[in-house]
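Enquirer: This is what each chain is made of:
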Amino acid sequence: MSAPLMKRLVEARSKRDVSRVAEAIPYAKWMGIAPENSTGELLTRMRYRETLIGNTHLPAIHGGTLGALLEMAAIFHLLWETEAQTVPKIVNITVDYLRSAGPRDVIAAAKVTKQGRRMVNVFAEAWQDDRSRPVASASAHFLVTAADEPPSL
Amino acid sequence: MAKSPPSAPSLTTPQERVAFFQQLFSDLIPHNKALGLKVVAVARGIASMQLDWRKELVGNPESGVLAGGPITAMLDACCGMSVATMLKDPKPFATLDLRIDYARPATPRKPVIAEAECYRITRSVAFTRAIAHQGDPKDPVAAAAGTFMLGTKGEVTRPQAVGRELMK
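Same order as they appear, the protein sequences are chains A and B.
Read in order, the letters of the first sequence correspond to residues 1 to 153 in the numbering used here.
Read in order, the letters of the second sequence correspond to residues 1001 to 1168 in the numbering used here.
Worth flagging that the hints you see were computed from the coordinates, not collected in a lab.
Quantities reported herein were computed from a predicted structural model and do not represent experimental measurements.
Accuracy of the hints is not assured; some may be wrong.
Stated by the list, open to error - Within a straight-line C-alpha distance of at most 27 Å, the following computed DSSO-like cross-link-like pairs (lysine-lysine) qualify: (1) B:K1055 to A:K7; (2) B:K1110 to B:K1038; (3) B:K1153 to B:K1091; (4) A:K7 to A:K29; (5) B:K1153 to B:K1033; (6) B:K1033 to B:K1091; (7) B:K1110 to A:K29; (8) B:K1153 to B:K1110; (9) B:K1038 to A:K29; (10) B:K1138 to B:K1038; (11) B:K1110 to B:K1138; (12) A:K29 to B:K1033; (13) A:K29 to B:K1055; (14) B:K1110 to B:K1033; (15) B:K1153 to B:K1088.
To be verified - One side only, chain A facing chain B, incomplete, derived with CB under 8 Å: (16) V10; (17) I25; (18) G54; (19) I93; (20) T94.
Stated by the list, open to error - Reference excerpt, derived from the structure (chain A facing chain B, CB under 10 Å, subset only): (21) A28; (22) V87; (23) V95; (24) V144.
We put the CB at the ideal spot given by N, CA and C, even for glycine.
With the rest of the complex left out, here is chain B:
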């Protein structure tokens, strides 16, 4: 599946949008792909991803509970995707800080879903919050708050330039 990044896709249906974001934010980002992250929803300022349970991602072999690491990586990725949907003018950005509260152990063998929201964006900083749950957002596995620095060094990556297309 070594397709080059799509340039001007049709994003008229939610399915097309999700498929496009799946390619940019999971298939083309090596660590997200390795985790098997699935984009499940996207809208302006909103991103949702799913992480399926796998034995390699377990922290405690006795209980089968996932390690914190994969959940941390998904929350970071999901918060980052919510920022990308808010950028009218593409610019490189990077995570500045990320706080995670681990509310309860994730139930083994069940997927974990992350829902992130970019609730404020300024010239230099984007503010996000997210939760991870297993079907009931009122019973979260983890809660996160992430801030992102905008206009960092380097070139704009394809995922970082996606906001404009979403606003068409």
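If we strip away everything but chain A, and leave its shape as in the complex, we get:
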């Protein structure tokens, strides 16, 4: 488990400001991925920058970064909306690519499909201008107890 991250989570919860959680994760900072809850719903935003591009002709955002966003959105959801005491460990993820994503911010939301004692199934969806036209969706499994093998984050 990551002590700085769990400490950050406790601080963020006391201030009701989820955006602080991402600051403890170097990769999230590097990617411009951060959660926000200004609307009352937990959303995760990936801020557009040129280094996210995978196809310069269209142009379109790299599919790998959409997978990364959906995975981070699922993790932030589990940290914020459930009583997680440890950082969830990802077991696997399946990403469906639905449309090409243009050179703009991408927003993602996640929900728990099934909460078990050790395993959680999460569904996440990402969109740009229109939430009813998602660019990608994913379903992922996470271990939520401390002792097991797969990586956290």
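Once you've looked at the hints, dock chain B against the given chain A.
Expert: Chain B only, in chain A's frame:
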């Protein structure tokens, strides 16, 4: 290093091939370049890339373990490159879906190597599989299965048109 894409290179030695693919699949693709992906091997239906450990790519600052995201992006890129090597007639393609099993945490400060194979290609769909490891393919960090839709919208990009040259 703002060279224009090479058009008709000599691809006679493995080193020349790797250098050419490095330019097309990493240097000219902004996100792959940002990750610092290195093409390490290429052949018809086969692609291999390397991701070096960097502190910006870490998911857990306590342990120094890489986040899943950079590995996901490399596996997507590597599977895509394996598809490009199979296309006799250039056409645009895009990832349809990608499944990743995270078998174990990547050991910090060690590079991660992806090996992808395009094992079947039809008119509309290409099927790929890949693993990510740190030197021993029998001890993988992650395993992936990706499918790609062929003949998608837009123009053929230079990387997507590389298959013909490889078959010369």
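Enquirer: Which hint numbers does the structure go against, in order from smallest to largest?
Expert: Numbers 8, 16 and 24 - these are the hints that the structure violates, sorted from lowest upward.
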